[in-house]
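Number of protein chains: 2
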Amino acid sequence: MLRGLPEQWITATEGPGTWSPYVVIGHLIHGEKTDWVPRLMIILDHGPDHPFEPFDRKAQFRDSQGKSMSELLDEFSQRRADNLERLRTFDLQPAQLELTGTHPALGRVTLRQLLATWTASDLGHILQVSRVMAKRYKDDVGPWAQYLSVMR
Amino acid sequence: MLRGLPEQWITATEGPGTWSPYVVIGHLIHGEKTDWVPRLMIILDHGPDHPFEPFDRKAQFRDSQGKSMSELLDEFSQRRADNLERLRTFDLQPAQLELTGTHPALGRVTLRQLLATWTASDLGHILQVSRVMAKRYKDDVGPWAQYLSVMR
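So the protein sequences, as listed, match chains A and S.
Mapping of the first sequence onto numbering that gives the first Met the number 0: residues 0 to 151, in sequence order.
Mapping of the second sequence onto numbering that gives the first Met the number 0: residues 0 to 151, in sequence order.
In isolation and in its complexed conformation, chain A is listed as follows (with noise of 0.2 Å):
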């Protein structure tokens, strides 16, 4: 959906404080580096008593300096299949989803939890980016505004 775009596209925000195309995958990036694979091997290995890392929203600002979006992609394609194929090797049986883990902030959370937030995450940024890209259009499009609810 991103590859090859022109840069006007990718880099589009709504506005001072909003997140980019690129800055979101970025942060994808860094949510496959230290979210999801490795809190689920704290869970596995520790339980709650050992709280994951506080996730750091901001980190992609660093990380992604210098380079292209479609190097962002491939990183991110590469250990997205990474980590989808270790969690394939866990084999996870269904009494272990309820193993629980502790959050930072929000506590108490099972394996299940996590999994189910790891694919909600993914369509809430892929809503994002088509929101984000769709509302570049708001001018363009002239009275069909009023039937496209994404310009509202």
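Fair warning: there could be bad hints in the mix.
Here are the simulated EDC-like cross-link-like pairs (lysine to aspartate or glutamate), alpha carbons at most 20 Å apart as the crow flies [claimed, not checked]:
no., chain 1, residue 1, chain 2, residue 2
1, S, K32, S, D44
2, S, K134, A, D121
3, S, K137, A, D121
4, A, K32, A, E6
Note that these hints are calculated values from the structure, not bench results.
Guided by the hints, dock chain S onto chain A, whose structure is given.
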């Protein structure tokens, strides 16, 4: 994004009267058949004196009957490819983008606005499908729901 998903994903809605991903794809097919390129040709061939046909927002409930999601995705993909090929064949020049047509409800619109709406509509439907699927996870994500704006 939607290929090969289990039935529960593609038939999920946001409540009575809202559209599932399956319904959205049927709607997109109807757009390829009757909206974007046909309206573009009305502008090129007749200009504003020949209003567009009103778009049938319920056509997919009739036309998708008996078809699997996989069949709908194949049909959409083929029709879209054909329409993009036709669009290239027109070899539209900048001046032609300012040609006008008459929308049955919105009145005077330009060819440029029609093309922008085609793209914005795609992005709006990607957003919609992501939101519908993410909301299925509202309970499953447990306390993480408060971090996921899509759940609100």
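Hints and how they fare:
{"no.": "1", "hint": "S/K32 / S/D44", "result": "holds, 18 Å"}
{"no.": "2", "hint": "S/K134 / A/D121", "result": "holds, 12 Å"}
{"no.": "3", "hint": "S/K137 / A/D121", "result": "holds, 14 Å"}
{"no.": "4", "hint": "A/K32 / A/E6", "result": "violated, 26 Å"}
Comparing the model with each earlier hint shows a violation of hint 4 alone; every other hint is respected.
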